[in-house]
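Novice: Given the coordinates of chain A, work out where chain B should sit on it, guided by the hints.
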Amino acid sequence: MSEDHPKIFIRDLHKSFGDNHVLRGVNLDVQEGHSLVIIGGSGSGKSVLLKCLLGLLKPDQGVIEIAGRNIARQTDGDRRYMTRRSGMLFQGSALFDGLKVWENVAFRLLYAEKKGRKAAREKAIDCLTQVGLSPEVGELSPAELSGGMQKRVSLARAIASDPEILFFDEPTTGLDPIMADIINNLIIERVRALGATAISITHDMASARKIADDVAMLYQGQIIWNGSPDELRDTNNPMVDQFVNGRAEGPIKMAVTKY
Amino acid sequence: MNVFGVTGQLVLQGIRGAGQITNFAIKGALSNLTGPFYGRAFFDALFRIGFTSLPVVGLTAIFTGAALALNIYDGSLRFNAETFLPQILGVSIVRELGPVLAALMVAGRCSSAMAAEIGTMRVTEQIDAMSTLAVDPFKYLIAPRILATVVALPLLVLIADIIGIYGGYLVAVFALDFAGPVYIQNLADFLTNDDVISGLIKAAVFGFLISVMGCFYGYHSRGGAQGVGASTRTAVVASAVAVLASNYLMTSLFVEF
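Protein chains in written order, with my numbering: chain A, 171 to 429; chain B, -1 to 255.
Here chain A stands alone, though its shape is the one from the complex:
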């Protein structure tokens, strides 16, 4: 990769569901090793954008270049290319409740990379330790964990295969402010330790300011603003200003439908 060429390069990305045009020409660059936070109201298309990047949804049109390869056609090869390089922390943690915690963390190692159970378990315990959980937690079932612990396990699972790119979907939603800050710290620490490129979507402005190198705002399926967290504070953009300060009155009218 050249210095100038972004790790993630998105151009004119469109995605519709029937008559509902959710993404309307998204353009976005993320430099290697940077942490981009995408903010935006409910229904603005953040999750759809993330799912297009992850290969879970096929865009109707546009370019998604990941480390130089366009994966927008979402062929099996594209999906393999993407999943080999990425890790994801889901909003609801999405842990497999039929498996123990360590098996969740080691899932990719066990079932995609076909590592032996002993080696996979050692790696899982190491990842759990990195997110501040004791090895004993590995023997528990996900249902026995609190929300904060589940997020940590989900983070451990995301980093278990040392990905180049990490995605975080609402990493602090549903957590108390202290636990949210702990998760933010862990995200910063792990992303830096891996040297990974990160994309997060969040409503939590404290989290956005803390974990972002760059911030972009998605509104009605388009990126309407991007800049640094410092610029976010002083922006003159009325929509960004309304969103960041959480005012009901302003140019943004919230969508009702969830995507």
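Each hint should be verified, as a subset may be incorrect.
Said to hold, decoys possible - Keeping only pairs whose Cα atoms sit at most 27 Å apart, straight-line, the calculated BS3-like set for lysine-lysine is:
{"no.": "1", "chain 1": "A", "residue 1": "LYS228", "chain 2": "B", "residue 2": "LYS25"}
{"no.": "2", "chain 1": "B", "residue 1": "LYS25", "chain 2": "A", "residue 2": "LYS380"}
{"no.": "3", "chain 1": "A", "residue 1": "LYS288", "chain 2": "A", "residue 2": "LYS270"}
Hints are computed from structural coordinates only; laboratory data are not their basis.
Specialist: Relative to chain A, chain B alone:
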């Protein structure tokens, strides 16, 4: 209300649904022919579908065999054919009631469980998470369940056949004064390998249909708890209808050839 429009829409929806299920079934079958294979997931499904269904299938078989013996005896008395009870009971159980009742029990127990489990995984993003972890959910979740049901159901039916016949034997010997050895001898002389094999072929097909329905409706669940509930209900109904309809088709074929 436009009656023609509504009817047309329903027909199109039905055709689309049938096409989707057929595609899903083909993909499910093919997934078992190409790697990677998840042995642990297969044996786990085999245990849950096969072994844990044994009590309910056994109970159904023994009571059905017993009730059938009484009905055959009562009916055949009218034309003095009660000595044929073992033969009629054996053929009825092995060809028809064993496979169909075992399949309906498994449809109720396992198709619903598959739809609920996979549906919950869908709405809680566990299936998406699996994709991001480079594991094909179709190969990890669907293929092992289909293969396990296709393997388990013939075994369950074989056991149901034996227990059902034994239920009839108990009634015949202890309530209707048949001689035990004669009962067994008549049955053994009359039943052919084809009778048993046709029942087992039916069982394998039922297993495929039941698992495809359970997995299909679970995999396409939407909208939280209510959506999962609806998928579960539809899976059970669709499985039962598929079992009964395919039973008729297969019986027609077996009788013909």
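Novice: The structure should be examined with respect to each hint, and the outcome stated for every one.
Specialist: Now the hints, each set against the structure:
Under the criterion of a C-alpha separation no larger than 27 Å, the hint pairing LYS228(A) with LYS25(B) is consistent with the structure, at around 20 Å. The suggested pairing of LYS25(B) with LYS380(A) is violated, with an alpha-carbon distance near 45 Å, which exceeds 27 Å. A distance of roughly 14 Å separates the Cα atoms of LYS288(A) and LYS270(A); the hinted pair therefore holds under the 27 Å criterion.
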